[in-house]
Amino acid sequence: MTTPPPRMLPSGDTAITVEFGRDISDESNRRVLALDRKLKQAPIAGILETVPTYRSLLVHYDPETIGFGALSDQLTALAHTSDESETVAKRRWRIPVCYGGEHGIDLEDAAQALNITPDALVARHAAGDYRVAMIGFTPGWSYLSGLDPALAMPRRQAPRLHTPAGTISVGGIQTGIQCLAGPSGWHLLGRTPVRTYQLHREPIFLLEPGDAISFAQIDAKEFAERDDAASHGEVVAELLSA
Amino acid sequence: MTKLVIDAVGPATSVQDAGRHGAQRYGLPPSGAMDRLSLAAANVLVGNSAFAAAIELGPLGAKLSVRDGVVRLALTGAERPAALDGQPLAFNESFTLAEGQILTLGVARGGVFSYLGIEGGVGGEPMFGSLAVNARAGLGSPYPRPLQAGDAIAVKSAAPSVERRLDLPEQQDTPIRVVLGPQDDEFGAAVETFLTGEWTISATSDRMGYRLDGPQISHLHGHNIVSDGTVDGSIQVPGSGQPIVLMPDRGTSGGYPKIATVISADLGRLAQRQPGRPFRFQAVSVEEAQDAYRTMAKLIRSLPDLLRDAQHAIIDLDALLSANVAGTAIDALAAE
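The listed protein sequences correspond, in order, to chains A and B.
For reference, each letter of the first sequence is one residue, going 85 to 326 in the numbering used here.
For reference, each letter of the second sequence is one residue, going 325 to 660 in the numbering used here.
Source of the hints: derived by calculation from the structure; they are not laboratory data.
Take these hints with a grain of salt, some might be off.
Said to hold, decoys possible - Quick look at which bits of chain B chain A covers, simulated, 3 or more residues with Cβ under 8 Å:
#1 337-351
#2 455-468
#3 572-579
For each residue, glycine too, the CB sits at the ideal point set by N, CA and C.
Okay, chain A solo, but in the shape it has when bound (with noise of 0.2 Å):
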């Protein structure tokens, strides 16, 4: 099979957006990761770090060890090469949420808007088979996808200023676990005691891109629990498969 090459697109001086497709799409993540692992094997001197998302491969470098021209070409003779069997995921993991009530204020609104009961919005949004597509925007931050098409709902009006860490929501045809408390435009079903990102913890990122997710539900007796074993480093998330 050919696929088309990626699309060089400079970001500045010191970034190049290696771009496989506009849209969200399982294949153009699996290239992504692909290349994004094919770098760490056979690093190229000169790049900095690099940010996997849904559909690019953002390539951070040093414009005084390797010019923009230079590092396009190698970056599309690796992307060629790059076999996307290799980023089947390794890790699973089984994240606890607690869905609707004081944690998932938009449950009920969210299964009206998509004509079915909130259990049964629960029940399909929990038996998602979930892959981390890219993890941004702000720290532990982890976008899924895998979402059930039926759930997918344009993002709220007025996005929220203040909405809660550990928030599991939709926004489109996106899912995703917000880790720290802050804005967001998006329908909130839900919260998991599991922090995705924190400090002092090992690993202070739970997460990578290419991770498989599936959510367990927990009632809010138990996410107490959890959040306050949370709260003292635990990691309370189950590892599947490693």
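Take the given structure of chain A and dock chain B to it, following the hints.
Structure of chain B alone, referenced to chain A:
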């Protein structure tokens, strides 16, 4: 242990260095100084490496003192009234602050951010290789937040030494250079509007982003893209059509198309631009931008060679004054 004490301070003053790198893939922005050249100058003046941690002062003033020792400091960046026990202080020149003395800093006049270099740097535990403050991520030393009155920063007591001064090349008030992309094809003819328009920085700007006021930039296909990585200087255009230049505390990804990126060599100059002062953008090639990057990097490496003894000038002046040739003395200083 010698402590630098913050007796009073306005908002947006924090410890910053060259930022933390390597964790943007986890959503952690680099943070770091808004104006890297001024940070480097402040550090070099007090004998530190160019990108050690220093205090980045926001537009409003501050009052500082020292406890249990003497600290050597240097002020660079945005000019503002500065005085040591009421005696005016020169910018780009080191000085020592002794116990009992008060350092008073006024409101920025010539820009937005000033830098206070501290001999020996700032004490603290680096996270991801940096002490830079990012309040949202709870990172930075010694306090993971902007500085407040009553804070005390552990510093090294100053070693006996002559004071130094640094004359930086004067910066030209030329257009802010950008490299178009990575999504300039989302804008069509509006790219021309962006490049020919006159822009000002909105007062609602901060270390995350500078909002620009100017002509309306319209999108060809709507204002949503699938979230994509950002860099310092990314210029994204949200639905309002008013661009936002992303600064070091930016989100590491964003869902608005990016029309252009401010080049590294000009980002500090943009950061120092005061709200309401008009400017223009100019598109350059990646190669030109990288030439400018290398020139800036060379200048920063050469800063130690540009240092001169500040006291020599003062001693010469005294000698000349005592010889009753004051007019000559002024000329001699001007020729330095």
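A quick look at each hint next to the structure:
1. 337-351: Since 7 is at least three, the answer is holds.
2. 455-468: holds (count 4)
3. 572-579: holds (count 4)
The structure meets every hint from the earlier list without exception.
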